[in-house]
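Colleague: Here is what each chain is made of, one letter per residue.
Number of protein chains: 2
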Amino acid sequence: MPANAITGAVLRRSLRTYQVYGANTGVGKTVMSTILCGALHRAFPKELVWYLKPVSTGPRDEADDGHLARFSPQTISKTLVQYGEPVSPHIAARAAPVSDPSLREQIQKHVTQVAEEGQGTLLIETAGGVHSPTPSGSSQADLYRPLRLPVLLVGDHRLGGISASISAFESLHIRGYDLNTVLVFEDAQYENHLYLRDYFAERDIPLLSLPPPPPPASTPASDRERMAEYYKEMSALPAVLDTVRSFATTHESRLARLDDMAPQAHKHIWYPFTQHSGMTRASIMTIDSAYGDFFQTYSSSENTLQPTLDGSGSWWTQGLGHANPNLALAAAYAAGRYGHVMFAGAIHEPALSLAELLLKHLGNPRLQRVFYSDNGSTGIEVGVKMALTAAAERYNYQNRDIGVVGLKGSYHGDTIGAMDCSEPSTYNERVHWYEGRGHWFGFPEVKMKDGTWVVEPPAGQEHEFGPTQMFASLDEVFDVEARDNSAAAEVYRKHIWSTLDRLINVEGKIFGALILEPIMLGAGGMLLVDPLFQRTLITTIRDSHALFTSTPSPTEDGCTWTGLPVVFDEVFTGLTRLGPFSLSPLLGVQPDISVHAKLLTGGLLPLAATVASEAIYNVFLGSEKSDALLHGHSYTAHAVGCKVAETSVKELLKLESSGAWDDFKQPWKGANKGEGKVWSMWSPTFLSNVSNHADVESVVALGLVLAIKLRDENPGYSSNAAIGLQFSLSSVHDGFKIHSRVLGNVFYIMASQTTEVDVVRRVEKKLLGALVNRQ
Amino acid sequence: MPANAITGAVLRRSLRTYQVYGANTGVGKTVMSTILCGALHRAFPKELVWYLKPVSTGPRDEADDGHLARFSPQTISKTLVQYGEPVSPHIAARAAPVSDPSLREQIQKHVTQVAEEGQGTLLIETAGGVHSPTPSGSSQADLYRPLRLPVLLVGDHRLGGISASISAFESLHIRGYDLNTVLVFEDAQYENHLYLRDYFAERDIPLLSLPPPPPPASTPASDRERMAEYYKEMSALPAVLDTVRSFATTHESRLARLDDMAPQAHKHIWYPFTQHSGMTRASIMTIDSAYGDFFQTYSSSENTLQPTLDGSGSWWTQGLGHANPNLALAAAYAAGRYGHVMFAGAIHEPALSLAELLLKHLGNPRLQRVFYSDNGSTGIEVGVKMALTAAAERYNYQNRDIGVVGLKGSYHGDTIGAMDCSEPSTYNERVHWYEGRGHWFGFPEVKMKDGTWVVEPPAGQEHEFGPTQMFASLDEVFDVEARDNSAAAEVYRKHIWSTLDRLINVEGKIFGALILEPIMLGAGGMLLVDPLFQRTLITTIRDSHALFTSTPSPTEDGCTWTGLPVVFDEVFTGLTRLGPFSLSPLLGVQPDISVHAKLLTGGLLPLAATVASEAIYNVFLGSEKSDALLHGHSYTAHAVGCKVAETSVKELLKLESSGAWDDFKQPWKGANKGEGKVWSMWSPTFLSNVSNHADVESVVALGLVLAIKLRDENPGYSSNAAIGLQFSLSSVHDGFKIHSRVLGNVFYIMASQTTEVDVVRRVEKKLLGALVNRQ
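Protein chains in written order, with UniProt numbering: chain A, 1 to 775; chain B, 1 to 775.
Warning: the hint list may mix true and false statements.
No copy labels: a pair is met if it fits in one copy or bridges any two.
Unchecked claim - Simulated pairs of lysine-lysine, DSS-like, Cα-Cα distance not exceeding 27 Å:
1) 509 / 677
2) 765 / 509
3) 449 / 765
4) 447 / 677
In short, the hints are calculated from the structure, not lab data.
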């Protein structure tokens, strides 16, 4: 599990910092460090050299920093945590535990402090091998990963050491570490250094091999003398001096590259959804790495990396944290077992397991078939092709110009077919082949205004949607079964029926699908739709036999569609984004087709699943190949994506069932008077405070999502109202920046499923502060 | 590098086979194996137990199989290769080398032989740690990977052993191995077994810990006695007996799942491009794993896995072999460093490096900008949106119904916008929102007929395209500069000009792009287009100022587009698929936009790059956000895809420059009289032989692709002519099956960039044999 505490990666121009890892225990990390420290003093006589041992076990006088102090007295050495027992830190720490975030924080402080003392090099030596336990029981490689320091790996020169060295390298590599140099002692019999030199040369990683230290002498005094002699000799070797000099070169070229990345991107990258005019090099964010909820972004002016909250969940994809090692391992496993294997007429375990998992946990008896594609947009195109064909066959449509029924402000993706499912808007007005095909209903919105949850009709449309409704809690809004009998439901039903009746029977339009983003419209501005309206829209269409007639009528077995096939675009909303795994229970109705992407892979790579009912599937059975759904992508059901998705879905389900979000749910249970059907990571108190702010029109929060609608005379996609808030959060405060995306006058923030309570509360505080400072 | 030699994965119902790996040297693999063998005899008294040590070093009398024979005399033990020196196999083997394929073949033979002797269990013990060198210098884990046996991992109980055990597990895991059980000795001081038990329990892998063997006794005789006592005791422990009994359970459930996968897939998977009617469970291929060019497919009737050539390159994606460890590591590295980080206004190293690499090696001065998307289809939609907007702006088109110019039989993907770029066909006729938007030219095809390369006009259209042209070699066909002055070129020019003139000036059509699959049309039936025709189409459109007029005229600086923006769909054809990295040199003209996908990631996962000229990019600069290209996918430029692509592109370029394909090129140089501009992995002699077969209408081969057009009275997508050939190759012969896809009456096979000469020649032999047997 990646820790989400706020730790920055370490980078300073004046301070070259390295993490010394060992391929195993006893491979000579401290000896190598001592040699390097000696050589650093020789090569850079005007600079300082620091050595840090974060955790040390065993008697104080045998500690590694003592060894350094003895044999490289000019080096400023330090240990952060010392355990007396000569056992693994996780055993030694039983009496005096120390957490991973605390250790990282102490290291960060140390780095900050020494960086102020002058120019130089700092070596941070780990304990044992790369996966040796830390005091908390995590592994070295996982503990230090958020710092993501360049690595000096001390290889194993002993029998079996080739294997240990390569496996250690792989464990570091798959965690996104960069190796600077491999150091290894020479052994004439095993020749590990020769084999490893070739191995690492192929990977552009230099290897420095050195004669091993002399064997222990007969007395401690002569032993010390021999070691001093050895160190003197080693640290003066040209190869060693070259190595430490190369540290300066690689450090400078890393910084030079970081400085150059934004300019090069400015020159060669064509960004998605971006007006490049007015974009400057400085406005491009250079992401050096990421971990948990945070990017590590490069500040060119300060030559440092800063933790920057990924406030848009990287365009709504993130769930299990950036650089999650379990997802990285899952990806590599599938790559190592299959690569990609073609899927037409074939089956492999990750694709089947994922299909079975989805069908089981979506819990929708209608859904029986999984069709894989590459992203939300293609998943929608597949879903729409399925639905239109089913409707065309049922109703014997001859006209190819079949429309969809949807909601205003909906968004389903950027390929032409997905665009056609949305009403005309800024997104598509300049796309020549776009043709909005359908009818889009306006809808009442759920909002918190001045501390109260309301359901508000579109401006000036009370006659169609009824007056604003007030609710004691968000739970009450979502109690759709009870609300079925309300006056509002009746108003909704009439409005829906009369609109469709006009479109079909007066205007002669034909429809092939009802397509909805359940509960929340994302790109439309994080709009929370009155669930009763969506529910009523679905049930009205399903029950309107007078509008949608066919002969013979389908058998209503609870799985056959009636009216129109209902497609749920759960690409953004589903898979616990808004709380529950599937959104159907919140609406109390099930779709005939649902589309899943984004969070499906936990936030690692693209994959989509379009899940359909058997009734829809059966429409494509026929004697001709051309009767089939002739859609496919080369990488359909790619094993890497399916395995990562399987791993992610299991992890999401585990988080859901294990009570991982109880601390977030608690205040909502209070606010909702004990129910807690719906909840958010953002607290009700915070929401109430925000909603009472003079600049705030309304606020919504559900699951991971928080959206603040700012007052603006010209709201919408081209509004600049939220830019100020976005900007004021983009500088460092409380140790981190916030990167956010805005949708016109809507400012939103998205947590991930693994964001810690502390982080969410700190973000709330920053947000409130930024709002107050606007005044 | 994955070896492409034909090795099957090992699976037999009657024979439970395990690979015993060690977390390090000296962790007790042989002792653990001996204990297990003893327990197996106890637990399954009627079964046989075999022990195999493929490679052993050191004196014969100390060898591991000797230890087995001594302490578990009922076990049938064997060593395949014995080196006398007690050093690593790669050093010992210097005098007597043995290759990886040869070792795997010997193991396969051994498995086949013992499987005939009766029911039982076979343990195959590796040497050293998971990455210890083999005689060839490869690593244990890589050598044995093609066999993909379930693993018994002996953990390291010593100081540092937690790290060694976890890293060893990770090295195996990222190669797609499945761990059956971890075995480890108990050490009261280090407690590795306790830590590791929890660690592996989280990963659902059982761990068996056992007391370590007794320390050596004073004499060899008493030593032997104590060990015998130890083995007797250990192999009777209930936990040990439970473990070996669990072998039977997990083996049976693996087989049961393999048997069930096709039925479950038949029930729940909706396949791409597949008419499910008539599809049976038996027709679904269960892929257990893949390696190099081969799937390992499960035969339900025989309960075995069989190597099956991936004859369609998994739908034209494969380049660097399935389960390539370098690509798996690249994927994991990016996942571990970034996960996915959002790309709008941000930059990360893999995305930038890949953009720089592509721009450099496409070698097209027009191309300056890289736009990332998720697959070929989305990449095409992006390219078309770019082109249409550029043309509409230049020519001030008011009508949104802008068409493309293309070729008949072209295919650009399955999203609606990509479909619209192709003429009406079987693929799209039932898609309601499809509207073929454009004009598609027929074209002369390059074919080998009866041993001669010809360029043939579409049937009955000699008046438009000229008569059939005969060529001495394929190189001559591709000498387009020389052919520019031919009569054919003049005929082509006139036909193109008069057609466009009619469409634009008589029919009033407007066009916004010329979109082409350069050189070869894939889904259209692997049609080799006369390069002179494509070249002439491009130059004619670019030079037809009378047809495409604008005020002011663009400056012709060699980078500004004229006529129409030219879009190359290189999704299938590019990146060395047909030989060269970019296809422009074969046509002698450069596109304004090119689209790359499939092979871009070496065949691992989806990613696309649409590369455009600065002139096209500039069209989208403006004061409004809506002037921008408002297209994007959540996972745009996902780090995993970009890093894998960067790794793949570098590898492809290295293969191209290092002469890796010289053995394939050689016979083509001969056939082409010394030139060798174009070549194929499929030999000219083989082509000639195939083309002379009575059932063969014609044959083409270029780069990796071979396509045989069979005679059929009703050719096209719905022809069944190639099914017979496909079927006859699908049974085991010469040690492997061939899985192929057909396109109507066209049978094609695609190698990958790393397919070995031997494999290609064996496939040629099988193919000729199958053709001859048809008669």
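Colleague: Next, verify each hint and record whether it holds.
Modeller: Hints versus structure:
no.: 1; hint: 509 / 677; result: neither (39 Å within a copy, 58 Å between copies)
no.: 2; hint: 765 / 509; result: neither (51 Å within a copy, 60 Å between copies)
no.: 3; hint: 449 / 765; result: within (20 Å within a copy, 76 Å between copies)
no.: 4; hint: 447 / 677; result: within (17 Å within a copy, 67 Å between copies)
In terms of the numbered hints stated before, the structure departs from hints 1 and 2, listed from lowest to highest.
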